[in-house]
Every structure is written in C-alpha cells, then in structure tokens.
Amino acid sequence: MTTIAPGLRDILLTGKAAEATRRKVKGRPVYEAVVMDAPPTGRIARFLNIATEVSGLAKVGPIRGHADTVQGVIRSPQTAVHFVTVLEEMPVQETLDGVAELRGLAPAGLQLGGIMVNMVRPLELTDDQLAAAGAGTLDVHDLALGLKAAGIEDSGPAGNLDLAGSLAVELSEHAREALAQRGQRELLAGVGQPCYELPLITDGMDLAGLYRLASALREQGAA
Amino acid sequence: MPPQDSASGTPGEVELRPNRLEVDRLLDDPRTRIIVCCGSGGVGKTTTAAALGLRAAERGRHVVVLTVDPARRLAQSMGLTSLDNTPRPVPLPDGPGEGGGSLHAMMLDMKRTFDEIVEAHSDPDRAAQILANPFYQSLSSSFAGTQEYMAMEKLGQLRRADEWDLIVVDTPPNRSALDFLDAPQRLSRFLDGRLIRLLTAPTRVSSRAYLKVVNAWVGMATGAVTKVLGTQLLRDVQTFVAALDTMFGGFRERAEDTYRLLQTPGTAFLVIATPEPDALREASYFVERLSQDRMPLAGLILNRVHPSPAARLSAARSLAAAEALQAAGGNGSPPSMPNDAAADTAEGQRHPLAVTALRLHAERMQLAAAERRLAQRFTAAHPGVPVARVPAQPEDVHDLAGLRQVGESFAAG
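Residue numbers (numbering that gives the first Met the number 0), protein chains in the order written: chain A, 0 to 222; chain B, 0 to 412.
Chain B with its partners taken away, still in its complex shape (with noise of 0.2 Å):
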C-alpha cells in the first residue's frame, strides 16, 4: 500500500487535495515534444530531466535530455562526460524495451554553443577573429546570462534538428528560477544594443576619462576575467564588435524565436520544487510567471517528501508510548515503588528497539506534517496546479537504476 497521509488533521481544517500530476499520461503523449524542468537550484531539477528522459524512453518514445550540470556520478553513469556539445546514446538498462524507445543525452558546453553560432554566422576568417578575441573569450564563458541563453538556443538547434520527439530540458541552477525566462535577454541585449555600438564611434582612443569610465563598464559587465590593460581591452572590444557585425539584431531574434517556441503547445512545463519554503517561493513566482507569459505549466514536481508508511499512528501517540516504554523500563507496568528499584534497574528496558523506532516515527510524523503545510500553502495559492510527490532517498541518485526508482514514483506518486 503507499504510504498517505495521516488523515488525523486538526477538526474542522479543510485540507485542500491538489489534483495529481499525470507524468506517465504526459510522457507518453505523443503532442508532448517538449518538456522544460525549471526550479530554484538545490532541488533536483537534473536528477528529475533524467529520470522523466529514461522513463519516457523506457516506455516507447525517443528522447533527448539536454542536462546543464549534473552531478560527477550520475554524469557518468549516463555517459555525459563526452565534451563534444552533441548528444550521445545512453543504453537502456534492459535494452530497447517493446516500446522501442531510445535516450540520447547531452551535457550543455555554454562557451561551444556560443562558439556553434558565430561559426555558422560569419565567414570562417571572420570567425576565427571572433573566437580568438579575448572580449569574446572571457564574454562566452562568463558573462551572466550566456548559460540561460545557451540552454536556449542548444533547445532550438535540438527541436530543429527534428531527430528525437521529446526533448527533456534541464535549466541552469540558479538562487531565482525566473532566470531562465529573463537572463537570455541580458545577453541578447547586451550584444545587439546601442551602448556596445557606441563603443566603434569614432574618438580619441586615448582620452583618459573617456577610457576610465569604458573599462570599469566593459570590465565589469564580462565579469572582468582577462587581466589586459585598459587601451588594449578597449581596441579588443572595438574588434569584436565590429567583426560581428553581420551577427547584429541576430542574438535578440534568435532569442525571441526560441522564447516563442516555448509558446507554442507541444511543450509542457514542470516545475521542480521540495518541501521547503525558498524552494516553494520561488516555484510559485514561477507558476505565476508562466501564467503571465502563457507558457503551457504541466504541473508541480515536489521532490524529497518524507510520507510516512505508518501514518495511521500520530505523532502524539508514538512518542507518548515510547515514552510510557521508556518509564516503565519496558515492561509494561507503570513506575515501580521505591522498594522495587533494584527490580526496576535489572529490568532496565527491554525493548529499546521500539523506543528508538516510535520516537523517530514520531520525527517522521511532524516533519511530513511540516512539508504538508508547506504544500497545501502553495496549493492554497495555485489550486489548480496538479503534483506529483516523489519520495526521498536515503542514498543520492547516482546511476539508471536510481532514476528509475524516481521514475516509479512518479506514476506512484
């Protein structure tokens, strides 16, 4: 039986039951292309992209997990320390399965997916200039917004490339889930605007304010990791901009068509959120946010609760028997009179065990009562947000076969 919750709720509180989360309905769902997991950092988005892309695979469709930074064993364990920005064959455990699926997998290169767009825009000559320039190193690697932009844009060249008919998205880790949604403008913004165009005006290149004021911005706006001198920067920059010429009005378009992509139905957005109030927060500006920009939301992904396979037993009960255990030394009867002490002390306890066991039920208990708080807050706000519950692990997730527990519980969850 799976666990439930404890029906033994304060009387009179009406607890709101969100509707499930379909994933098996949603994988399989052959009008599903896209599937994109978004969510604060810390809350197993990766694991989450993974164990969906094996799943969905395992049941018949040929899937694309397109991950941002997973961690080193699972990485391995899927075959993603390949550093060639393409997707790899990832072997089923059981094999191809009746259903004949496949999973391809991928780790996202920011810098060589930035370097992929110059290349295909400009003449090879022009391009090596580009990608030798040390702006546009330090700029391809550093600057905030090129990992969203880049998830973005790797997302486009997948759906274009029509080889797969799901893609599962991983999204970068970050403090705001809406980065995602926002940072790619930065980028896009940053290139094709009119201040970096300023910067091929002509002027007197050696006009010290003029150049105090253009490093402090340029510098800091890269993250600043190239340690050249002041002029020297300046007429890299110079450099790039005008070597990228072409390119111009090119990053906000390519940005905006994947954006619109994201519109479009056939992609279904989860939200991965756990039991804890940042992570819930951020997942529920987030749902907001989609509503907003009518991007299609699927659902909410609660990651890591503790649902407890005794529930019928509360909290209250368990420790006050583990305590009654503990007093009477473990035998059952109640505290002995003082002439009984010395048969009291040989009983000593006898079954510590059970004390150990309702006393960490008991923890259990008010942790998934705490969680439960915490998810009816959210359900509270977004009634009509289906959830999916999928329990925690005692061990991390590091291999297929972990995923495909994760995989389980959804359809159990």
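Next up, chain A with everything else stripped away, as it sits in the complex (with noise of 0.2 Å):
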C-alpha cells in the first residue's frame, strides 16, 4: 500500500512517532527520548508538515484528529530537527537548504536542533606537513630516509625513493581531502545551529559501533 501512496506512510510515520511519545504506564512516560529517521532531505519539510496538508482536506472526521496531534507533537518544544550529513559538497547544501526551508516554515515554529556531521576522517598531519602536502612540495629523500631507519629497505633501482613519492603521494590525497573538508565545516558552522562530530567507523556497523557513537554524541553534549 505504502508504495502507491506515499503520504499515507509519511503519516503513519509521524503519527508512531507522536504515539510514542504520548504513551504512559501509571501515568509515566514510557520513553524518556523518542528518536525518529526521516526520509533524505529534500522532502523534509513536506514529510514534517504532511500532517497539516491532510488536516486542510477534511473538515471533520478521524483523519484531522489525528492530523492536529501530530502536528502538536512535531511541533511541540520537545521536539528537535537535527540534520544528519558529511562533509561532502552536496550533503552539505542539502543541509544548508533544508535548515533554510525549515527556518522558512510557519513561525509557529519547528525547532532545529543540530547538525550531526558523520563519517568524519581524523586529520593525521601538522599544520606544516598539511600545507607542504597540499601544496606538493613534501621532503620525499627526508621520507625516504625516515623509511630506511624503520626498517623499510624497497628493492628495486630507486632504493626507498620511489616508495617515498607514493607515500607522499598518499600524503597529498589526504592533505587535500582534508583542506576540502575544512571549507564544507566551515559553511556548516555559519549555519549557527550547534555542530557536533561522529568518527568514520570502517569495519561495519554493529552494537559497539553505536555505543561509540553514542559515546562520541555524550562527550560533545549532544545528549
């Protein structure tokens, strides 16, 4: 069914969420936090208001019922937006437009929360070896040597030298992708919603995985 009408799910969505968040045992909240996926982007304002289109359609009946709660929920002080991206050119842009739409939306407002950048590489260089990277002009007979006294002989007429330039060539890539992603950071921060940073985890995602996550998430005071 979902797949023939979209906004039916969008609303079954949104309405599990609010349901979740109104449910009680002895007159307790169930859940202390209720955290919800949302579809990529760009439908996110539509997906957060769909509530409010369906609700214009019917005058009376079950359908608003339910379409003015959720919208209450969604728009409640309790809940937060916050946008998921990396530091990419285009994830980054989605960002900036759809914090733009949401600030755009209705003042009866929906909070923005914050902006969680994923998947982020640690930068292993100084600031020299970045600049000298970057710009190409590393020291390959200084790396060549440095490869010698750890050890390294490369057989082969160049000795360690031809080695040297690929590690540096390797220094190089990183070096750029780093200063690339100095420039996406910094768009996101004149964004002026509070950014917090989650470590790329390379070897598949499993419940460890997201206890660092979670753990990276506590230490910024994202949670």
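Hint data in this document are derived by calculation from the structure and do not stem from the laboratory. There could be a bad hint or two in this list.
Stated by the list, open to error - Example chain B residues on the side facing chain A (calculated, C-beta under 7 Å, incomplete):
#1 70
#2 234
#3 324
#4 360
Just so it is clear, CB atoms sit at the ideal spot from N, CA and C, and this is done for glycine as well.
Make one complex out of these two single chains by using the hints.
Below you can see the structure in the form of structure tokens.
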C-alpha cells in the first residue's frame, strides 16, 4: 500500500512517533526520548508538514483529529529536528537548504536542533605537513631516509625513493581531502546551529559501533 | 604504473578477478545508442553519466546527457541551469576535436515534461483546463513515480527525435535502485486505473462518508500539497478525470513503449555503486532484475575506491615500522637504557613525517582491503559482470576538467 500512497506512509511514520511520545504507564511516560529517522532532506519540510496538508482536506472526522495531534507533537518545544550530514559538497548543500527551508516554515515553529557531522576521518597531519602536502612540496628524500630508519628497504633501483614517492602521493591526497573538508566545516558552522562530529567507523556498524557513536555524542554535549 | 591491489591476501584464499569493463569500447561502438546509469542514491550517478557523456563526445560521438539531480556547481559548469527542458550544447574544453563529436546536456524538469504530454495530446482548451487544475498541479510535481515516469518519457522523446547518436541517462536518486523500473507504472496505473474513474460515477456528492474516504485516499495518494477543502478537491479530481478522457490508456502505453526501448539492442545499462554494503546490495538487486527483464547489462562502475600506489607495502609491515620508528625515537636503534633517557628525549622523533606516512598508509591498505572484500562478494554472486573501478577524488567533481579526469579513470580502471 505504501508504494502507491507515499503520503500515507509519511503520516503513519509521524503518527507512530507522536504516539510513542504520548504513551504512558501509571501516569509516567514510557520513553524518555523518541528518536525518528526521516527521509532524505529534499522532502523534509513536506514530511514534517504532511499532517497539516491532510488536515486541510477534511474538516471533520478521524483524519482531522489524528493530523492535529501529530502536528501538536511535531511543533512542540519538546521536539527538535536534527540534520545529519557528511563533509561532502552535496550533503552539506542539502543541509544548508534544509535548514533554510525549515526556518522559512510557519513561525509556530519547528525547533531546529543540531547538525551531526558523520563519518569524520581524523586529520593525521600537523599544520606544516598539511601545507606542504597540499602544495606538493613534501621532502621525499627525508621520507626515504625515515623509511630506512624504520627498517624498510625497498628493492629496486631507486631504493626507498620510489616507495617514499608513493607514500607522499597518499599524504597529499589526505591533505587535499582534509582541506576540502575544512571548507565544508566552515559552511556548516556558518549555519548557526550547534555542530557535533561523529567518527568514521570502518569495520561495519554493529552494537559496539553504536555505543562508540553514542559516547562521542555525549562527550560533545549532544545528548 | 597504475595502482594495484596487494597480492598479500590470506594464503589459500582464491581471489576472483572480475573482467574489466571496457568503457571506451562501449562508448565508441556506434551500435550503442542509449546508456542508462542506475544505482541507489549517493553513489555518483550524475557525475558518472556526465563523465561518460563528455568522454564519448571527445571521442567523436554526438551525445546528449539527461541528468536528474545534478549538484549545483556541476550544473552551472555544464550550463544545466536553463529551465526550458531541452538539451543545450555544452562547449567541449578543447573544442570539437578530431573526432568531430559534440555534447548536449539537460536537466529533467518533471512537471514541464508532464505538461508537454498533456499539451501534445489534447486540444488547447482542454490542455489549459488540465494544467490549471489544482489536483493536476500537485500530481505533476509531487506524486511518487512522476519523476521516474517523466525520465522515461523524456528518454523516449530524445530517442524519437533522433538528433544524437548516443543518449546517456542519469536516473533519479532513490534508496532503491529498482524504483527507476517500477515507479513509472505507479503513475500509469493510477491514471489509467479503474479507481480514478470511479470518481466520475454519478453519486450523491454531499454524502459525508463517501467524501471522507475519497478525500483521504486522493489526498494521501498525491502527497496532498493542496490545501483545498474536501468537496472542492473532489470536484477538481472529477474535472481532471473528465478532461483527461481521451488520454486514458495513453499513459500506460507510453510507459510500455519506453520500457520496450530499454530492452532493445543498442541499449546498455551500467550499474553504478561504491564499495559500501548498501550500494552494492542495491547493485546486486538491480543486476538480478535486469537479467529477469532481459535488459542488457554492460557492467558495474565502482566509484570512490581507494587503491594504493604503494600496495607492495602491507598494512602490517607499515604499522610495525611506524611503531618501531616511534619507539626508537627516530634514530633506528632499539629503546634505550634508563641512563640514556636524556639522550632519548633530545633525539625526540627524527622522522615524524615517516611515522605519519606509515600510519596513514596502513589505514589506506586496510580500507582498500575492506573495499576489496565487498567487491569480491559482488563478483562472487555475479561473476559475469565486468567491473570498472574509479578512484576516489579528494575534492568533489564540479567542472568539465574534473569530469574529464573521471573519464580517464574509466580507461585506466
């Protein structure tokens, strides 16, 4: 059914989340917090607003009642909308657009939360190394000597120089990536919402990985 | 020398090597008339489609690229910001070139495309009536399936125009790669279906129960962007349905025509993915579906891979070397005795760059190995599918120069 009626699925999702916040046992809320995953940014305003649109269709009846309740929860001060992104051009652009779109919506507002920057790779270079690597002026000879000191002897006519050259290529790619990401970070910081960073977890997501991400969020004061 | 995979896998492990996808051969073959780039969202489909188009044009073909959701900067650099829903010429960076090829590009405007269908199949008065109808307006811009249907429709139009000898098609970004094949039917089933025609059946429009049910269904099915009250919406739908009258059956027919076009020789599907579990799983579903529907699959383009130019140095050796260097204070000798402590700190790290380079290299090798394992799973399931690998670029591709670089990696990959 949801494949022919997309609006219906959105209503079911927002409705289910709203219901979860209102669930009580012996007068106390069952859940302290309800977190809902939402469709990709392009449709976010419509997704959050869908219940309003439908309630405009029927003046009375169960649909209207339901839609009003859901809107109440979505727009309450206890609900916040967070954005998740990565440090790449398109996701950052969509985040900026999404924030602008939500800020532009009805003043009886949707509370904007934070921006979660996901899959962040740590920068391994010092500022000097970063500058040299980005400019392609790394000292390859020095690097070759360092490899030798580490006990690496590359076979072949050029000795360690060839290997050092290849490692320098990797360093400079890392540097260029870091510089590009720095630019994206600045764009996000300019939005004016708190930003939080989550590390890249390379070996598949599992419960341990989730705990790591959760503690990263707690350390930064996001939760 | 092009980057290679490390040969230092687990002893006894047999590595399946997929055939290399010969992209240039596909592009150069005059029998290739349509290339469809499919895959889940976020794998670089639009960039790949544009890069294929540019490369084909520089190799002498007359190409048109149909994009769906290009990134802003790339769109600007290709002149895709014009809003007239027609292909516009893109000047090639080095001029027309010896092959004498050319490149056109356009961004799909789904609403415009829908309007064009209506105008082409109704007299001017009826068409105007339909286009002004609020129900039609929300349908043509927000119904799930409209974008995919219109992409197919536009492809059909471009092919019939016969002005280009190669059409490269980007497909809408969706979580499910299969939506491109399935979604158009949703729209045609909705418009050509019996349910919508029931709305024109004479009935007591003032019946509250009837209104509630119909309003809810119609509103939800279209994404309900209109704010009109119930009875007005129903009247809009009835007017729309009545005006559409002569077009009934046409939507399904058009979708079926384009579908058949996708099955003919001359069409090649390329599945685009990245070495990530979700993207490859979607790619896998798509490969199976193409086989079921007898649609020609040319191969898989695996974007954003991280091969290493120093693959002969394994992750383990690299990490061990970094640790040894760090522990030795950079001077190559083993950790010193306590009374050499002063000398030790004075030496400090003499090769900090080498330590960093070795650690980074170890990470890179581990990433490459993880990517290779994922790609292997795909090849094990689909051994006959040729693969081209495109290395990750540190920066996003946002101009023709970047597209050309991507094109060059097709040839090397």
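Against the structure, the hints:
Hint status for residue 70/B: holds, given a least beta-carbon distance of 5 Å to chain A, under 7 Å. Hint status for residue 234/B: violated, given a least beta-carbon distance of 13 Å to chain A, over 7 Å. Nearest Cβ of chain A to the Cβ of residue 324/B: about 4 Å, under the 7 Å cut. The hint holds. Annotation: interface hint on residue 360/B holds; nearest CB of chain A at approximately 6 Å, less than 7 Å.
Violated hint: 2 only; the structure is consistent with all others.
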